[in-house]
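Asker: Residue numbers (the UniProt record's numbering), protein chains in the order written: chain A, 1 to 105; chain B, 1 to 105; chain C, 1 to 105; chain D, 1 to 105.
Keep in mind that the hints were calculated from the coordinates and are not lab data.
Where a beta carbon is used, it is the ideal one built from N, C-alpha and C, also for glycine.
Be a bit skeptical, because a hint or two may be false.
[What the hints assert, rightly or not] Sample of chain B residues at the chain D side, in silico, Cβ under 7 Å:
| # | residue |
| --- | --- |
| 1 | 5 |
| 2 | 70 |
| 3 | 101 |
Letter by letter, the chains look like this.
Protein chains: 4
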Amino acid sequence: MNQVSMVGRIVREIELRDIGEGKIVLNNVLAVQKNYRTDHGVEADFIPFVVWEKRAELIEEYCNKGDLVGLMGKMQSRTYKNNESETVYVVELLVNEVQFLQPKK
Amino acid sequence: MNQVSMVGRIVREIELRDIGEGKIVLNNVLAVQKNYRTDHGVEADFIPFVVWEKRAELIEEYCNKGDLVGLMGKMQSRTYKNNESETVYVVELLVNEVQFLQPKK
Amino acid sequence: MNQVSMVGRIVREIELRDIGEGKIVLNNVLAVQKNYRTDHGVEADFIPFVVWEKRAELIEEYCNKGDLVGLMGKMQSRTYKNNESETVYVVELLVNEVQFLQPKK
Amino acid sequence: MNQVSMVGRIVREIELRDIGEGKIVLNNVLAVQKNYRTDHGVEADFIPFVVWEKRAELIEEYCNKGDLVGLMGKMQSRTYKNNESETVYVVELLVNEVQFLQPKK
Chain A
1 MNQVSMVGRI VREIELRDIG EGKIVLNNVL AVQKNYRTDH GVEADFIPFV
51 VWEKRAELIE EYCNKGDLVG LMGKMQSRTY KNNESETVYV VELLVNEVQF
101 LQPKK
Chain B
1 MNQVSMVGRI VREIELRDIG EGKIVLNNVL AVQKNYRTDH GVEADFIPFV
51 VWEKRAELIE EYCNKGDLVG LMGKMQSRTY KNNESETVYV VELLVNEVQF
101 LQPKK
Chain C
1 MNQVSMVGRI VREIELRDIG EGKIVLNNVL AVQKNYRTDH GVEADFIPFV
51 VWEKRAELIE EYCNKGDLVG LMGKMQSRTY KNNESETVYV VELLVNEVQF
101 LQPKK
Chain D
1 MNQVSMVGRI VREIELRDIG EGKIVLNNVL AVQKNYRTDH GVEADFIPFV
51 VWEKRAELIE EYCNKGDLVG LMGKMQSRTY KNNESETVYV VELLVNEVQF
101 LQPKK
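Please construct the entire structure, taking both the sequences and the accompanying hints into account.
Answerer: Next up, the structure:
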């Protein structure tokens, strides 16, 4: 069992990448407000997310950086080698459903 | 909105840390089975989690490494400086409810 | 384990009830869009929800009928006797967190 | 957005119904422990659930009444006419993923 729901704002410009054989992927970050205030006001958590294929294209069509969206899916972990050949460990939300909470761009 | 439910196995030995002023914290990792098979059999995602205070003490009392538990909470992000003074970025589950799915140890 | 996240619109006028000893309760219904279209267009599920105390007062202060909100909590079941002395079985969302998705009224 | 995770025990005998054209459906109830004690001990909520097709057949193959399972899905509402031609309103969990938490029967 692995189930995640989040509502937050898209942090970076939306960019689709074609990773070959027509496979489309979108990597970005969601800023999710904490449900309490600190001395610094309302703070946020920054959760990386990844979306594949048709769903990625829909986000690219409907959303801009800064837009409020609902994302549902599962947390996944993976590792990759960065440019310095170090192994980087990533924990991110693999999105399987999106709800647009603002008018279309 | 930020809500997470997971069922998985505790990966590391359970260790409480007292970080001063009697504040107790437990850091560990949950191995959550993917809901599909790959050529390598059933795989898992490895999601770091953190539990505070009373709830941490309950886990220490009831669970061993390898035990199956249900964890509920929120994903949070934070950064810290490691021993090489590099900034490390962490995404982890902040647990606010636990369900024990095995007999008490 | 019992965890629910929903985004939808408040169906009925918002009304607080004082059930004695100063205990405040709010009962209403959330219209949650289905994530697919039918021949009748986009349809919704209608999920009863209940909120207690401070959180109920916040909803009364911030929301109107028709407003979009995010609700988190647990599904609960209960029975009561109606005016004809029949036992009625209710399944409803017991809300423990609210996110307002529109400007304050 | 409509997302539900529950862990609980299957309340009734498991029965598949063929509703025509080979469509298989399973209706049952999940007993989900509350996360607090009352004067009567640990109580439970009783949440109706519905599962379709392959997933229903898997539950029939793997589970018995009383077994512990994890269910994920969405809450849905619907109405039907009962034998006295009264309209009955149902709120239930539409299951889209199951996790078996006990050895196979």
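Asker: Residue 101 of chain B was flagged as interface toward chain D. Is the shortest Cβ-Cβ separation under 7 Å?
Answerer: holds (6 Å)
Asker: Verify the interface restraint on residue 5 of chain B: the C-beta must sit less than 7 Å from at least one C-beta of chain D.
Answerer: holds (4 Å)
Asker: Residue 70 of chain B was flagged as interface toward chain D. Is the shortest Cβ-Cβ separation under 7 Å?
Answerer: OK, holds: residue 70 of chain B within 7 Å of chain D, min 6 Å.
Violated hints: none; the structure is consistent with every hint.
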